[in-house]
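Model the placement of chain B on the given structure of chain A, informed by the hints.
Those protein sequence lines, which keep their order, are chains A and B.
Sequential numbering of the first sequence, starting at 131, is according to this note's numbering.
Sequential numbering of the second sequence, starting at 707, is according to this note's numbering.
Quick caveat, the hints were computed from the structure, so don't treat them as lab data.
As the structure is a prediction and not an experimental result, all values here were calculated from the model.
For glycine and all other residues, C-beta sits at the position ideal for the given N, C-alpha and C.
Only some residues are given here: those of chain A computed to face chain B with a beta carbon under 10 Å:
#1 Ala144
#2 Thr156
#3 Leu171
#4 Val174
#5 Asp177
#6 Glu179
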Amino acid sequence: VSTQPDDVAAMANAAGLALDPARHATIATALDAFAPLLDSLAMVAVDDEPPPAVFDARW
Amino acid sequence: VSDNLSSLDAARAGELIRRREVSPIELTEAALERIAAVEPAVSAFARVLPEEALASAQHAERELASGFDRGPLHGIPVAAKDLFDTARVPTEGGSRAYLGRVPANDAACIVRLREAGAVLLGKTHTHELAYGVTTPASHNPWALRHVAGGSSGGSAAAVAAGECAIALGTDTAGSIRIPAACCGVAGLKPTYGRISKDGVMPLALSLDTAGPLGRSVRDLALSLTVLAGHDPRDPTSAEVPVDDYLQGLDGGVAGLDIGLAGGHFSASIDPDVDAAMREAAETLAGEGAAIHDVELPLADYGAATAFAICLPEAAAAHSRVLRERPDALGVDVRTYLEIGALRPPAEHVRALRVRAAVRRAWRTAFEGLEAVICPTLPTTAVRADQNVVSLPGGDTSVVAAYLALCAPVSVAGLPALSLPCGFDRSGLPIGLQLIGRPFGEATLLRIGQAYERATSWSDRRPPLL
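Next up, chain A with everything else stripped away, as it sits in the complex (with noise of 0.2 Å):
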């Protein structure tokens, strides 16, 4: 299912981004474009490693 404008409008929205509205079709088929290969690392194994550890709270 390819993603609409209004979908984007949607997420601009929930991201709290103020998007021009002339952008939102543009916007959809770059999403549309990147999704394969985003979706693919959706394939690769992770469970066995935890996220990096970014957060060093010594003060």
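This is chain B only, laid out in the frame that chain A set:
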């Protein structure tokens, strides 16, 4: 005479300075003359700083004359990608969105170069915000209608065209190695955290690295000696001792175990590049290295992982611009930033976990090996109007092709050196990539030096020289 001076690498120029056969002022004047002569064609520089450079050269000359020697880069003309902050000099990241941005302070790398006595000639073009692989503002000195590569395209073009001996670049997913390969120069992407990024405009903080481009491996070693080290002002800076990059540089490769990457790294490569790669492996074997076939797992996911990390981190880094003046951004970069703001955050976390998996798998693959070699790019510099490249595996976008062999190394956080290793049938340079172990820059440079000495590829100059 000035043409001869501008073709010297920094190491040789430094020797001549110490023998008083040439002065920093003469070197700087020669570089400025060279810039004036070739910039109309090459357009490597966003901003040239002739007065500041000559003042620095005069200062260097006075210091050296008084016996105060700051080391091998003292009096050597250098340049920096316009992503490195320079005090009171605009640093705009190649973007109209940052037009007129003037930092108060120098980036840590600039401070270190100045303390080493280097002469800053100016700021080089970058692909906008370092977010791209072509650097449209610059032209490839080997073929002006072809791209210089990116994002540090101006730095690579400046070195290749003899406008400076050494130039700083940054590399998030290939941005030092890609232009080094396209322009036929040497470029070093250090281990993540090896060189301070304080004062460097970020793209993706968890992938970004800064490093040198130069005409010889020895120049990279000299540069790294100045640039490497922990910096408490950079939260990503590594507290790992700095090696002596010069001591073992001429040690050769006899007895070293070096991997030749197969699988992803050899699957869809231009035949000329593939032939050059096999010849490079034979050269290293001829120098005494033991070459082993090796697979680096998960490399197929390198570009996807790099994008999944870079998209949201870049959107965060440039969120203010995205909110306040998106119209000032270029079309492609604006779209990347907008997508980065919209993709689900869980994707970023997943990508970080994939990166951890890559790191673990590559650690195993590197067991018993000092380095792994592969092409830097599956092809050479494309025409500036070209968006698609034909490879044995099929047509692919230039972005995907250029990231394919570089991005996995960035995801793994490892150091990598790109060196000239031949020319394709069109006369365009081919890049050899040497991938090292974490903080294994000294060994990489040693291997690179042995390769460079055994071949003459690095001695070639573009026809416009």
